[in-house]
Amino acid sequence: AQKVTQAQTEISVVEKEDVTLDCVYETRDTTYYLFWYKQPPSGELVFLIRRNSFDEQNEISGRYSWNFQKSTSSFNFTITASQVVDSAVYFCALSKTSYDKVIFGPGTSLSVIP
Amino acid sequence: GAVVSQHPSWVICKSGTSVKIECRSLDFQATTMFWYRQFPKQSLMLMATSNEGSKATYEQGVEKDKFLINHASLTLSTLTVTSAHPEDSSFYICSARTGSSYEQYFGPGTRLTVT
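Chains A and B, in that order, are what the protein sequence lines are. Residue numbering for the first sequence follows the working numbering, beginning at 1 and increasing consecutively. Residue numbering for the second sequence follows the working numbering, beginning at 1 and increasing consecutively.
Mixed in with the good hints, there may be bad ones.
Quick look at which bits of chain A chain B covers, simulated, 3 or more residues with Cβ under 8 Å [unchecked claim]:
| hint | segment |
| --- | --- |
| 1 | 42–50 |
| 2 | 100–106 |
Below, simulated DSS-like cross-link-like pairs (lysine-lysine); rule was C-alpha separation at most 30 Å, straight line [claimed, not checked]:
| hint | chain 1 | residue 1 | chain 2 | residue 2 |
| --- | --- | --- | --- | --- |
| 3 | B | Lys14 | A | Lys3 |
| 4 | A | Lys3 | B | Lys41 |
| 5 | B | Lys41 | A | Lys96 |
| 6 | B | Lys55 | A | Lys70 |
| 7 | A | Lys38 | B | Lys41 |
| 8 | A | Lys96 | B | Lys14 |
| 9 | B | Lys41 | A | Lys16 |
| 10 | B | Lys55 | A | Lys16 |
What the hints contain is simulated information worked out from the structure, not anything from laboratory work. Just so you know, these numbers come straight off a predicted model, no measurement behind them. Just so you know, even glycine gets a beta-carbon here, dropped at the ideal spot from N, CA and C.
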């Protein structure tokens, strides 16, 4: 069975601080896909990143970076120099194949305080 | 980028009535659409997967007769909540995918309130 765990329910940081959101996943598949989505208060999901299980390279996109470690089944997300606009719920997700349904983690609510 | 719309964005209905939510892919053909439900402060839970022209596949615990899904065309899927009850009040989100891409595009969601 597939499962995604986000142990941090809520995080609060002061603007300009760095923050890391943890994601641990479980799967028996050798091939799988991992995702991060942002859900601002408006509710609409914003796609952030997709990573397949064969690509363990860390990725950086502006203030966002992701650390994928298969050895620990983790796919952590770091926001550098956080901003108030980063306040949202962030979901880590897992998919068996590129065509399969996406299993979402419980989400981490991030509040960035000015 | 690919755009998915949902209509209505919010709806209030009385207990016992039925309500239909539309999910449209605006600039691509969606061979597969997914319907999710999200209760307040909770995660998205997949309700069903629908492929164009065939019956939807429901997740365990989701009542097929209560949540009717129709995917009659490559650009439209509908979710009908029949005999709605207050506990059906939730945020319903659809996503769509083409046959040639693994990317899922999410709609903006529909907030349903049953009074």
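### Task
Compare the structure with the hints numbered earlier in the document and write down the numbers of the violated ones, lowest to highest.
Of the numbered hints given earlier, those the structure breaks are 3, 6, 8, 10, listed in rising order.
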